[in-house]
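Asker: Listed here are the chains, written in short residue letters.
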Amino acid sequence: MKKYSVFAIAREAMRGHKGWEEQWSSPEPKKEYDVIIVGAGGHGLATAYYLATVHGITNVAVLEKGWLGGGNTGRNTTIIRSNYLYDESAGIYDHALKLWDGLSQELNYNVMYSARGVMMLAHNVHDIQVLKRHVHANRLNGIDNEWLSPEQAKEFCPPLNISKEARYPVVGAALQRRGGTARHDAVAWGYARGASARGVHIIQNCEVTGVKRAPNGAVMGVDTTRGFIGAKKVGVVAAGHSSVIMNMAGVRMPLESYPLQALVSEPVKPVVPCVVMSNTVHAYISQSDKGELVIGAGTDQYVSYSQTGGLHILQHTLDAICEMFPIFTRMKMLRSWGGIVDVTPDRSPILAKTPVPGLYVNCGWGTGGFKATPGSGHVFAHTIARDDPHPINAPFTIERFRTGRLIDEAAAAAVAH
Amino acid sequence: MLLIRCPYCEEERPELEFRNAGEAHIARSANIAGESDDDFEKFFFIRSNPKGIIYERWRHMHGCARFFNAVRDTVTDKFVMTYKAGEPKPSKLPGAAK
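Chains as they are written, first to last, in numbering that gives the first Met the number 0: chain A, 0 to 416; chain B, 0 to 97.
Honestly, the hints are just simulated from the structure, not real lab data.
Fair warning: this is a prediction, and the values are worked out from it, not measured in the lab.
Even for Gly, the Cβ is constructed at its ideal location relative to N, Cα and C.
Watch out, some of these pointers could steer you wrong.
Within a straight-line C-alpha distance of at most 20 Å, the following computed SDA-like cross-link-like pairs (lysine to any residue) qualify [what the hints assert, rightly or not]:
#1 A/Lys268 to A/Phe155
#2 B/Lys88 to B/Val70
#3 B/Lys41 to A/Val250
#4 B/Lys50 to A/Gly65
#5 B/Lys41 to A/Pro344
#6 A/Lys64 to B/Gly51
Partial pick of chain B residues on the chain A-facing surface, computed with a CB cut under 8 Å [unchecked claim]:
#7 Met0
#8 Glu14
#9 Lys50
Some chain A residues judged to face chain B by a derived CB distance under 8 Å, without partners named [what the hints assert, rightly or not]:
#10 Ser242
#11 Val243
#12 Arg251
#13 Pro253
#14 Leu254
#15 Ser256
#16 Gln300
#17 Tyr301
#18 Val302
#19 Ser303
#20 Ser305
#21 Gly309
#22 Pro344
Bound-form chain B, shown alone (with noise of 0.2 Å):
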């Protein structure tokens, strides 16, 4: 089971408070009625699905409830960091190779 920090609580609890809810920061268009099949397909069905880093959300479901966002490692499970919903993707991660 992981261990997940959410950001608002600031604590480390474990993963059954949580639910995944997919890959981070993809924008829904303002104008949904307005977008092309292909751009549609890429909102709605494409995913990176990366094998390495990962950024994604997840919900404190049995806590405070609030989306937050998550820098994890597909092949480790292991989380580099958490961060407010809102906040822009981190450009830098902590312990990455400069």
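One chain only, chain A, in its complex shape (with noise of 0.2 Å):
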């Protein structure tokens, strides 16, 4: 891997950019790896790029259906946070937002890591009390959150309208100055190039179709739409497909994927400077580089797989923006997409070993994972790795959905699901 810098492009330039190379290569799978990845989203090839540079595990496959980063990694809206309610969620947000600071400099690629703040708005006395709930909580986890009235609102946000006569008018604000955005493509373009260069194979168009087990119940591979590829151990990375994979491998899931959507507007000059969210109306946005507003909407309620969602979903969540940004009511919209997210019943992730030995699965973001990218791969690599979790993704078993022990930010979270 030729490292990327200043001397770089003078090079390049010199010689009319001739001696760029591929940021990853694209080998024939072999026959057999140590470590499977199914799913090469910023989670999986996150997973395999601290297999590597972590725990020196280099003969390494991640597999993708279709393109890298092509499925949720791709669709999100990029908001980096780590304000979680409780313990267990702040230990793990918290450990993605530390790697997110200096994971430009780790990968030598620019995720455009922007800490430009995230700031969520209260509409009314439940949302002072939860909001406030969620500051204290999380300042005595060490992470930084604080209240804001909404005069500073509107002075972090000028666009904001704060006025009375609003449908639903802005009472205050909680504001983490470490939240911001990223630039999600480079996500997975930054790990999987340091992936590769480390010996990882990155295999694109390379659908799993069924998981083979042993007489004994341990894995043995996988088949794929390009034959049978052997591995004792698989970290299953699907997304929304998790638990069709997991069904493959006979274990049934606490998941159901539903739709979530969102939209991009014509670019504009810098006028949102931040990350605003509102729980209450339902509505999110943030300002890209390219001067597009980038809009989240709320999932669809039904399970599906279309990667498509009801248009009136789209309409509830502008109506929201136009409320608390009345100076877009005029703006115009350039494309809406879907994702599928897979959601467990306590809106946490599983980040665990299976029933089966040798399975593991990193699944359940829900409408929240790309925040999580480096801090997911960075314990699920380690969960691979020593075939034991880390410390700070031990809670977020399978099991807790028989034992009862759930993470229940469904209630808590700061996000509207």
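Can you join these two chains into the complex? Each is in its own frame, and there are hints to help.
Answerer: And the structure:
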């Protein structure tokens, strides 16, 4: 891997940019690997990267049915924050946030992490109570979060409407300054480049069609559209399709997959300097570096794998955006899309060993997995390499749905589900 | 937006009138306190989440307000059929290969 630097740009400028190499190679699959990761999204590629860099396991294949980063990694609204209520969630999301800081340097790839602040609006007494509870709980966990008056919120985000005449007036806000956004594609590409340079095979257009198990129940490998590939350890990181893959191994999951939609506007000059979210009116918004307003909507109400959703969901979100930012009422929306998110009953992820020896699963991130990408990959690599969870992901088992030891962010999450 | 046929109203109505109520044909035990942890987990948390044909409950919230069941393809979101609550799970689907 040739290092990217200002000198590399100068050198390539001198010779007509003929010396840039491919960011990752596309080798033919081998017959057997030490570890197979199913799914080349951000979480899967990060897992492979940390398997190679932290644990020295480089005989790894990442199998992807489509193209790298083409699922939810390329479909999310790129928001990063760690202001979750419970200790377990705070642990894993803030682990990720700490890795975001410095990730561009570590990967030698600009992931454009921008700690521009995530501001969550309160519109009523209940919101104030809930958000203040989050502020206090976060600070006890060493996570920055502060309470703002409506005037302070407007100072932080000038286009925000704090008029008392609004249908749902802003009565306060919680601000996590370390929160922000990153360039989602670059995250997948950066991890892919780093993993590939260390010998990891990234195999695109290779759909897993079955999981092979030995007579003693342990994993032997996977059947794919490019033939059988053996491995004693298989990590499933397949987002909305996680339950489909797990079913191939005979494991039924506490998951349901729903469409989640987002949309972007025409590009305009910088106007939204931070991320603004509102649980009550149900919308969130930020502005990309290209200038598009990036707007996230809610999930549809039914199980689906269609990667589309109902238009009324988007309308509902845009109603809320126009309420919060009346200056956007005449903005044109450029495009909308959907991704399939796998949701657990308690809205917390599962990163764990499974009842099948050698099979590991990293799923259930629901509507908010992007922010966790580095932390998720880091602790999942540990889980696979040591056959034992990292202390940070130890609570995120499958068994919690049997024991009742839930991590119930469903009622407590700082974001609408 | 989906168009959903309510088997009670016998009319196709927009999705906005309906609430999805999750997977169908999951029977609650008559002796729920006597369930083992494993069985309770299966009943309460584990879902089939199929990529393909799903059997699910809907409620005609802003219509007759009654629950009914539907068969839908989760890849195309097209409904195969709807039927009244209490009717058995259809063994053969209309249009399905024999």
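Asker: Just pull the numbers of the violated hints for me, sorted ascending.
Answerer: none
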